[in-house]
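Colleague: Given only the sequences and the hints, what does the whole structure look like? Please build it.
So the protein sequences, as listed, match chains A and B. Residue numbers are given in this note's numbering: position 91 of the first sequence equals residue 1141, and the series is strictly consecutive. Residue numbers are given in this note's numbering: position 288 of the second sequence equals residue 1338, and the series is strictly consecutive.
A couple of the hints might just be wrong.
If several chains are the same, the list does not tell them apart, and a pair holds so long as it fits within one copy or across any two.
[As the list claims (entries may be wrong)] Straight-line Cα separation of at most 25 Å, DMTMM-like style, residue types lysine to aspartate or glutamate; simulated pairs: (1) 1082 - 1069; (2) 1240 - 1250; (3) 1184 - 1300; (4) 1379 - 1414; (5) 1240 - 1251; (6) 1278 - 1190; (7) 1255 - 1219; (8) 1309 - 1251; (9) 1278 - 1189; (10) 1309 - 1189; (11) 1168 - 1208; (12) 1255 - 1300; (13) 1379 - 1101; (14) 1278 - 1219.
In case anyone wonders, no lab produced these hints; they're calculated from the structure.
There are 2 protein chains.
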Amino acid sequence: MEKKEREVEEEEQVVNPWEVSGKDGAKIDYDKLIDKFGCQRLDEPLVRLVERLTSRPAHVFLRRGVFFAHRDLNEILDCYERGQKFYLYTGRGPSSEALHLGHLVPFMFTKYLQDAFKVPLVIQLTDDEKCMWKNLTVEESHRLARENAKDIIACGFDITRTFIFSDFDYVGGAFYKNMVRVAKCVTFNKVVGIFGFTGEDHIGKISFPPVQAVPSFPSSFPHLFSDKSDLRCLIPCAIDQDPYFRMTRDVAPRIGHHKPALIESSFFPALQGESGKMSASDPNSAIYVTDSAKDIKNKVNRYAFSGGQDSIENHRKYGANLEVDIPFKYLSFFLDDDAELEHIRKEYGAGRMLTGEVKKRLIEVLTELVERHRKARAAVTDEMVDAFMAVRPLPHMFD
Amino acid sequence: MEKKEREVEEEEQVVNPWEVSGKDGAKIDYDKLIDKFGCQRLDEPLVRLVERLTSRPAHVFLRRGVFFAHRDLNEILDCYERGQKFYLYTGRGPSSEALHLGHLVPFMFTKYLQDAFKVPLVIQLTDDEKCMWKNLTVEESHRLARENAKDIIACGFDITRTFIFSDFDYVGGAFYKNMVRVAKCVTFNKVVGIFGFTGEDHIGKISFPPVQAVPSFPSSFPHLFSDKSDLRCLIPCAIDQDPYFRMTRDVAPRIGHHKPALIESSFFPALQGESGKMSASDPNSAIYVTDSAKDIKNKVNRYAFSGGQDSIENHRKYGANLEVDIPFKYLSFFLDDDAELEHIRKEYGAGRMLTGEVKKRLIEVLTELVERHRKARAAVTDEMVDAFMAVRPLPHMFD
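Modeller: Right, dumping it as structure tokens:
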């Protein structure tokens, strides 16, 4: 019975680390996802608590519900209030040269968390994963890890509190010991249940979940946390990564560690609409950080799905459907000014503002964002990458 | 049909890395094993070729057929004759504190090969494997690896040509990259076929075969072989390890490496008889390198299965059954003197020599062997272990 229900649900929408798709091409139902995964909704009181503890307004992504779900965030915050710091862990699978805006979302948010809480951060580049899933060579995925590190560094992370590592460089020693400890606790049947592996999958895939699990444990980073084995971990990530950390949280207490806490985002939608994540295989589905001002203008004007009506007359009469309107959705991610966003919501929703005007504003916002990123990335030297990726103590990581 | 035949055969005798047992408690049928595994018999002409190439008599274990099977040894020797050196790779799973004589066999033989061919040697201590299979903690199996390294070093390896490593210390970097390359080529169904894993096995076990595979590739040891990516590898091991290297040989050409060659031994029998390997769970089934002279005398006299007849009269009349006689078998491993062994074979087999006399000679031989080992091991300092296990170039490894 339970199995049948699960099958029916899987037909409706699929969200896992390798596939995100809504029911029949519809939007992802995030409420259902919270129920299915068993995580908690990130509600208003928790956002207020973050603001109080950090003495600064919540990040746009937090106050507008981009990060909408969590596991044990309340516990991390309670501990923090009692003077116990934590560390942040996030990551990226380096499958492509250029990042798009969706890729930046967790890093922009993680930078905010690092600044606001003044805590250390580890960033895992899973070049081993991408080598195994995308059929990239070891050399190519390792190279992409370093290239992607430049984009990540360009987000403004504090080098005195940040350690970036590639799995091909860093797996070994204490990290590998923890991989073995985790792997001992998880059967093949279990990973089949969590990740849907089959007997035809290669054993590299089956070996990988412990690699993504163990940065959740401070003992995996002896150069950082050798005297802090009790430190808690908070993971900002998109909700499709939840299966890895469900497994991790299941194993953690059995090997003497705290369960990592999670703060989980919805997906940044494709230009064509909100049924899933953006696709690397279709360059017109996303704005890339390498896009020129002209590219951005062209993509937004040509491809951004509009909730406006099909004639000016109808638009003035019925207003835009903001539920499906991509320009408005993108502005809700990247337009900081709450008052201006509210103004657009009202005017556009009532039909007094036209899609063209909203797109124009979005083009300005994105062009500025991408231009700022491009400048920051151009300033990231190979020496800086080496410095962020050096296995080193961070004596000021809690300052 | 094929499956049925396989099942029948498996009922007859089982030989894999975790189980060795003959049909109905009988001796292992090594001829059948060669057929089943698809390796080659190590025949007389090949032994002669080894003698010619090394300008020294073949090791006892070679001329008496202890090492009885191989894969591509002829190819390695042909290349060697044309001036292409190779390297040796062997290993041990550190599951217990004290080694028994059966554990020494591959190391004694590997030392001979190293001396005779003047080639480098890597010795893998699979502390990760034992942690996962034996339910040892990471710390305990890592500690046992170092303890076992002392016994291995005591076998007399040349530090200028030998690198010993524990997986917990060494996995990472180029080694880990090769693990990923191998894992990508092997499906779960494939390891089920080779190793008999099931869905209830933990993913640590499923992840392990690539760890044992990759020391077969010179690129796993960049500090040793960075300019020798084409170097061939010869693996001396007991034949129960063949499944790992069947998998390795299958994968090797797909990732740009030579297939490793193998030279494979039969099992050193238990004191109680020749149906399998010695058992760590029964201390009276084996002579340990930590046994005192009194222990050895007691174990041989009380437990060594005798092929002698039940009365002196019958013994004089029928002679000893050398096929099942453990004292004679042990002497054939450790009594160097061919003439003396031949004398015992004739006299004991004809009933002119009694079991007591043969056991007395065996006790002398083993006591001397164990005493020599004990002295050598006592001289192995922690600094020597560090030196053998240091990740370092070996500039004189082919001298």
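Colleague: Look at each hint and say if it fits the structure.
Modeller: To see whether the hints hold, each was checked on the structure:
Taking the shortest alpha-carbon separations for residue 1082 and residue 1069, only the intra-copy value of 16 Å comes in at or below 25 Å, while the best inter-copy value is 49 Å. Taking identical chains as interchangeable, the C-alpha atoms of residue 1240 and residue 1250 lie at most 25 Å apart whether they share a chain (16 Å) or sit on different chains (8 Å). Taking the shortest Cα distances, residue 1184 and residue 1300 sit within 25 Å of each other only across copies (22 Å), while inside one copy they are farther apart (28 Å). Taking the shortest Cα distances, residue 1379 and residue 1414 sit within 25 Å of each other inside one copy (15 Å), while across copies they are farther apart (87 Å).
For the homomeric pair residue 1240 and residue 1251, the shortest alpha-carbon distances inside one copy (15 Å) and between copies (10 Å) are both at most 25 Å. Proximity of residue 1278 and residue 1190 under a CA criterion of 25 Å is satisfied inter-copy only: 22 Å between copies versus 35 Å inside one chain copy. Within a single copy, residue 1255 and residue 1219 get their C-alpha atoms as close as 19 Å, and across copies as close as 23 Å, so both meet the 25 Å cut-off. Proximity of residue 1309 to residue 1251 under the C-alpha cut-off of 25 Å is restricted to the inter-copy arrangement: shortest distance 24 Å between copies versus 28 Å within a copy.
Within a single copy, residue 1278 and residue 1189 get their C-alpha atoms only as close as 34 Å, which misses the 25 Å cut-off; across copies the closest is 19 Å, which meets it. For the homomeric pair residue 1309 and residue 1189, the shortest alpha-carbon distance between copies (22 Å) is at most 25 Å, but the shortest distance inside one copy (34 Å) is not. With identical chains, the CA atoms of residue 1168 and residue 1208 are at most 25 Å apart within one copy only, with a shortest distance of 10 Å there and 53 Å across copies. In the homo-oligomer, the alpha carbons of residue 1255 and residue 1300 lie at most 25 Å apart both inside one protomer (19 Å) and across protomers (19 Å), since each shortest distance falls under that limit.
Taking the shortest Cα distances, residue 1379 and residue 1101 sit within 25 Å of each other inside one copy (24 Å), while across copies they are farther apart (79 Å). In this assembly of identical chains, residue 1278 and residue 1219 lie within 25 Å of each other by CA distance both inside one copy and across copies; the values are 23 Å within and 22 Å between.
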